[in-house]
Amino acid sequence: MPNNCAVYLAAGALLGSLLLGGCATTPVQPWERGRLARWDMRWDPDSLQSAMRDHTHFSKEASAGHIGAAGGGCGCN
Amino acid sequence: MATQRTFSPSLAALMSAAAALAPGAHAQTAPAAESDSRVSYRFNQYGEDEYSGATIGSPERYKVYSQQYQLETRVGSRGALNVTATHEVMSGSSPWYVLPGADNRPIQVLSGATIQEHRSEVRAAYTLDPGTTSSTTFNLSYSQERDYHATALGVEHSFPLSNALTLGLGGSFSHDLIAPTDAILYDRVQHEEKDTVSAFGSLAWVIDKSSVVQTGIQLNVENGYLSDPYKLVSIGEDVLADTRPGSRTEAAWVLRYRRAFSGADAALHLDYRYAQDSWGVASHTLDVGWYQSLPHGWQLIPAARYYSQQQARFYAPYFLQAGAHQFFSSDYRLGTFGAFSASVNLRKRIAHWEVSGGVERYHAAADEALGGADLAVPGVLSYTRAFVGVDYLFE
Numbered sequence: 001m002p003n004n005c006a007v008y009l010a011a012g013a014l015l016g017s018l019l020l021g022g023c024a025t026t027p028v029q030p031w032e033r034g035r036l037a038r039w040d041m042r043w044d045p046d047s048l049q050s051a052m053r054d055h056t057h058f059s060k061e062a063s064a065g066h067i068g069a070a071g072g073g074c075g076c077n
Numbered sequence: 001m002a003t004q005r006t007f008s009p010s011l012a013a014l015m016s017a018a019a020a021l022a023p024g025a026h027a028q029t030a031p032a033a034e035s036d037s038r039v040s041y042r043f044n045q046y047g048e049d050e051y052s053g054a055t056i057g058s059p060e061r062y063k064v065y066s067q068q069y070q071l072e073t074r075v076g077s078r079g080a081l082n083v084t085a086t087h088e089v090m091s092g093s094s095p096w097y098v099l100p101g102a103d104n105r106p107i108q109v110l111s112g113a114t115i116q117e118h119r120s121e122v123r124a125a126y127t128l129d130p131g132t133t134s135s136t137t138f139n140l141s142y143s144q145e146r147d148y149h150a151t152a153l154g155v156e157h158s159f160p161l162s163n164a165l166t167l168g169l170g171g172s173f174s175h176d177l178i179a180p181t182d183a184i185l186y187d188r189v190q191h192e193e194k195d196t197v198s199a200f201g202s203l204a205w206v207i208d209k210s211s212v213v214q215t216g217i218q219l220n221v222e223n224g225y226l227s228d229p230y231k232l233v234s235i236g237e238d239v240l241a242d243t244r245p246g247s248r249t250e251a252a253w254v255l256r257y258r259r260a261f262s263g264a265d266a267a268l269h270l271d272y273r274y275a276q277d278s279w280g281v282a283s284h285t286l287d288v289g290w291y292q293s294l295p296h297g298w299q300l301i302p303a304a305r306y307y308s309q310q311q312a313r314f315y316a317p318y319f320l321q322a323g324a325h326q327f328f329s330s331d332y333r334l335g336t337f338g339a340f341s342a343s344v345n346l347r348k349r350i351a352h353w354e355v356s357g358g359v360e361r362y363h364a365a366a367d368e369a370l371g372g373a374d375l376a377v378p379g380v381l382s383y384t385r386a387f388v389g390v391d392y393l394f395e
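Sequence order for the protein chains is A and B.
Just so we're aligned, residue 1 is where the first sequence starts under this note's numbering, counting upward by one.
Just so we're aligned, residue 1 is where the second sequence starts under this note's numbering, counting upward by one.
No wet-lab data here; the hints were simulated from the structure.
C-beta atoms are modelled at their ideal positions from N, C-alpha and C, and glycine is treated no differently.
Mixed in with the good hints, there may be bad ones.
So the derived list for chain A, only partly shown, Cβ under 8 Å to chain B, looks like this [what the hints assert, rightly or not]:
# : residue
1 : M41
2 : G65
3 : G72
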């Protein structure tokens, strides 16, 4: 479907640009990572809210989860 | 905690950076490097909209009130513990089955409004060497409802491949027990089980001083009773039990990107997931978030999400005849639909306290799916979810 192709292309372009951008940089030393240490740069800054949001989406959608321990199901799905 | 206070601020920052890059950092791992321990509370309210199409049954919409409690703390010199407890109270009616109406237009039949149902869940995660790129996390969770019990175990480990790359590997197992209420009255199954095995791997990469990316794959294999005991399906003149295959394999690819904008004092979050399973369901999910720091300890976090799925092979709102089908479901969650959601969260730090609140609006419809939908999905719905919370940080 054309729309699916657009999504694949967008994802590919994002990944490609990230890879190319990364290749163009020099290695980041540990003492240069202060900005990366901030709360707002975490993969998941608010685990409680993420858990509740994911649980809600899990109960309404066929695909669910992320990269990590899956946990148990519930009567909601 | 004396252990944490032995770290200098710069070392704590470096450890936090390493933890942020570790593949399991999204899970329940170490407390923030800037605090020794944290206790948190959230109150959530969820409410569904009225159905817009033709319906039969109770009009009372589903509502859920949830409370979450969390403790994050250091344990000894090498460990961190995260314990979360959740309690939910639910009530309302939900989609039951679909009947063909005039001109075969679907009529959604809703179940009678339930009395209040409860769900309680406890999760614990112990992380060894938290805040490093070589950490190990053990997970345990138990969820209990009157008719559903789930126990899950998991482990994940991260390996530093280089100064910029971190590999994460892990797996989990869940065993679920299903014992539907009023089983004899409604001719439902009485006792069933379901097992889920998951394996996952990821790669996190420090691109530069202000951006990181992570990509990963996850494989879930489910076996056992995977039907919904509370849902029926209309087949010709009959209304029969929802019947799905006894196994399901799902694979997902995830890409996550974080970029800091120092001038704006903000961070961009971009997440994408593609998932496909052996039932024929395929989905795309795109999340975008903007974490804006403001003066006086305020943070504003607007976010948007788009989700689109293609239906399972055995989904239809109803079946005019059984034909050669072996499996049947009219559960809207297996149909083709798309969903947009938008949210805004606000946080404020006041000394050792942090208060937060937010609201999410979720709108789903069959014609919002990528490429549109061929079949009606009358049960698909929209909802609003809001929360308030408070955290106390021990320093």
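Comparing the hints with the structure gives:
1. Among the interface hints, the one on M41 of chain A holds; its C-beta lies about 5 Å from the nearest C-beta in chain B, closer than the 8 Å criterion.
2. With a least beta-carbon distance of about 7 Å to chain B, the hint placing G65 of chain A at the interface is held under the 8 Å criterion.
3. Of the supplied interface hints, the one on G72 of chain A holds, with its beta-carbon coming within about 3 Å of a beta-carbon of chain B, less than 8 Å.
Hint check: no violations occur; every hint is consistent with the structure.
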